[in-house]
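K.L.:
Listed here are the chains, written in short residue letters.
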Amino acid sequence: MMQIRLAGIGGQGVILAGVILGEAAAIEGLNVLQTQDYGSASRGGHSIADVIISKEPIYELMVTKADVLVALAQLGYDSTKEELKRDGILIVDTDLVKPDRDYIGAPFTHLAEENTGLALTVNMVALGYLVAKTGIVKKESVEEAIKRRVPKGTEDINVKAFRVGYEEGLK
Amino acid sequence: MKYPFPVGRSDFIQGDEAIARAAILAGCRFYAGYPITPASEIFEAMALYMPLVDGVSIQMEDELASMAAIIGASWAGAKAMTATSGPGFSLMQENLGYAIMTETPVVVVDVQRGGPSTGQPTLGAQGDVMQSIWGTHGDHSLIVLTPATVQEAFDMTIRAFNLAEKYRTPVALLTDAEIAHMRERVYTPNPEDIELVYRKLPANKEEAQYPFGDIHGDMIPPMPIFGKGYRTYVTGLTHDEKGRPKTVDAEVHERLIRRIINKLEKNKEDIIAYETFDLDDAEIAIISYGTVARSAIRAVKLLREEGIKAGLLKLNTIWPFDFEMIEGIAEHVSKIYVPEMNLGQVYHLVKEGANGKAEVELIPKIGGEIHTPTDIIERVKRGV
Numbered sequence: 044m045m046q047i048r049l050a051g052i053g054g055q056g057v058i059l060a061g062v063i064l065g066e067a068a069a070i071e072g073l074n075v076l077q078t079q080d081y082g083s084a085s086r087g088g089h090s091i092a093d094v095i096i097s098k099e100p101i102y103e104l105m106v107t108k109a110d111v112l113v114a115l116a117q118l119g120y121d122s123t124k125e126e127l128k129r130d131g132i133l134i135v136d137t138d139l140v141k142p143d144r145d146y147i148g149a150p151f152t153h154l155a156e157e158n159t160g161l162a163l164t165v166n167m168v169a170l171g172y173l174v175a176k177t178g179i180v181k182k183e184s185v186e187e188a189i190k191r192r193v194p195k196g197t198e199d200i201n202v203k204a205f206r207v208g209y210e211e212g213l214k
Numbered sequence: 004m005k006y007p008f009p010v011g012r013s014d015f016i017q018g019d020e021a022i023a024r025a026a027i028l029a030g031c032r033f034y035a036g037y038p039i040t041p042a043s044e045i046f047e048a049m050a051l052y053m054p055l056v057d058g059v060s061i062q063m064e065d066e067l068a069s070m071a072a073i074i075g076a077s078w079a080g081a082k083a084m085t086a087t088s089g090p091g092f093s094l095m096q097e098n099l100g101y102a103i104m105t106e107t108p109v110v111v112v113d114v115q116r117g118g119p120s121t122g123q124p125t126l127g128a129q130g131d132v133m134q135s136i137w138g139t140h141g142d143h144s145l146i147v148l149t150p151a152t153v154q155e156a157f158d159m160t161i162r163a164f165n166l167a168e169k170y171r172t173p174v175a176l177l178t179d180a181e182i183a184h185m186r187e188r189v190y191t192p193n194p195e196d197i198e199l200v201y202r203k204l205p206a207n208k209e210e211a212q213y214p215f216g217d218i219h220g221d222m223i224p225p226m227p228i229f230g231k232g233y234r235t236y237v238t239g240l241t242h243d244e245k246g247r248p249k250t251v252d253a254e255v256h257e258r259l260i261r262r263i264i265n266k267l268e269k270n271k272e273d274i275i276a277y278e279t280f281d282l283d284d285a286e287i288a289i290i291s292y293g294t295v296a297r298s299a300i301r302a303v304k305l306l307r308e309e310g311i312k313a314g315l316l317k318l319n320t321i322w323p324f325d326f327e328m329i330e331g332i333a334e335h336v337s338k339i340y341v342p343e344m345n346l347g348q349v350y351h352l353v354k355e356g357a358n359g360k361a362e363v364e365l366i367p368k369i370g371g372e373i374h375t376p377t378d379i380i381e382r383v384k385r386g387v
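Protein sequence lines, in the order shown, are assigned to chains A and B.
Add 43 to a position in the first sequence, counting from 1, and you land on the number used in this note's numbering.
Add 3 to a position in the second sequence, counting from 1, and you land on the number used in this note's numbering.
By construction, these hints were calculated from the structure, which means they are not laboratory data.
Keeping only pairs whose Cα atoms sit at most 30 Å apart, straight-line, the calculated BS3-like set for lysine-lysine is:
no., chain 1, residue 1, chain 2, residue 2
1, B, K5, A, K195
2, B, K368, A, K124
3, A, K214, A, K124
4, B, K304, A, K124
5, B, K384, A, K108
6, A, K108, B, K312
7, B, K354, B, K368
8, B, K169, B, K208
9, B, K384, B, K338
10, A, K108, A, K128
11, B, K384, A, K128
Could you put the whole structure together from the sequences, leaning on the hints where they help?
P.N.:
See the structure below:
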């Protein structure tokens, strides 16, 4: 079982990233659960997506001890860093989050803007990085999930952002 | 027929969405509702899907009218559903009683949230158990189902329609904010692989004269459909086999009410559904349902790893209730724990069932958080 928590602020698309990761796992026939927690503001409040992926049945309802924490904003990191296992993987946007422990990551928002012209594809860049680093699902499954889940007409730009993050994660 | 969502494959969807899709596949073609968190997504999906399957989805002025509308639709021959949360479920109680009294097959989904009153709109709870069973006045019975996963929400929605049609009764599907909004992998079968039940219709004019009569000896009268050529009188007043009001005749009242209750009680074996985990040799039993059953399954597994012989009874229906089965379990265990997201509701049913044969202890939790497996394990260990 792998417990993954994505944390950021409203508007960064962390919940959509969680849904797409979950959909990719479902496409592969894995058991998967996704729940979310967010403030009532549509932008600026904390936003958390939990994804649990397992070959066994999942009885948990949320991440209890995260194997992976992806933090796209300092507020997201601060609000949930205690939930990351001591030997868990911390992935951050290195421009926006200053962690107080070991981490990996890249300037995801910057990469998004640079490669797609849209900062709001940061969620797909971070997802690509996460998938490359953990191998929890296949790249192809995520790309299929992106096509199912993003608004029509935005599939290409989202897949592109995902691939940017994926390549970054392979470095 | 083409469905407005994928069939014959697994999808990653929320509990509310799963209920809407399952209802469509079960043959539901009339939905009436009023938006309310955390049930609104069921309505949203129905508004999207119904026009695409030649069905109707209508927003009524409130929950009283929503319930009235689905009762009317059912008598017009449609499989019909509404969905709401606690505050709306309270408003539906009067007409839910009317549906019971008129033996109208309908499905009512209550996505539970913290209450009473408007309470905690976004947080899960199990506070509507007693309301779902006894919320309407008078002696009565109905069927209440309790899913614990998104797949179960899907499967039990289809089952709810089948039971409603088979027994000519309202069926309540009790979920909560957690199941409503979590996404899980759900397998949607091909429609031809789904077994569907349709209500018994009068075979001829003679049968149609007794829309409330036990003319087949199975306590389930055939249901005439408006517009199909029969004259039928439908009333919430106590009525005789022909549907005529008989409000002061004790015998008629007793015959009607006992039949409405017995058609479910005498078919308990068909209606009641449950699962057991490690219960056969258990010394300690946990009895759970809905969302909390997930934590209870994990708790049982962890307790077993520590050498404590715990087992679980997971209730998939909470009404009708199998009191005898609980007594049977109580005879073989030293203690029964009932974790619930309320201050004790199914606990009282279990205690009545246990009949003093085993101690029954409630593990309550309110406020919107779900029991963790640890919450349950610690309480069990304290008693060992």
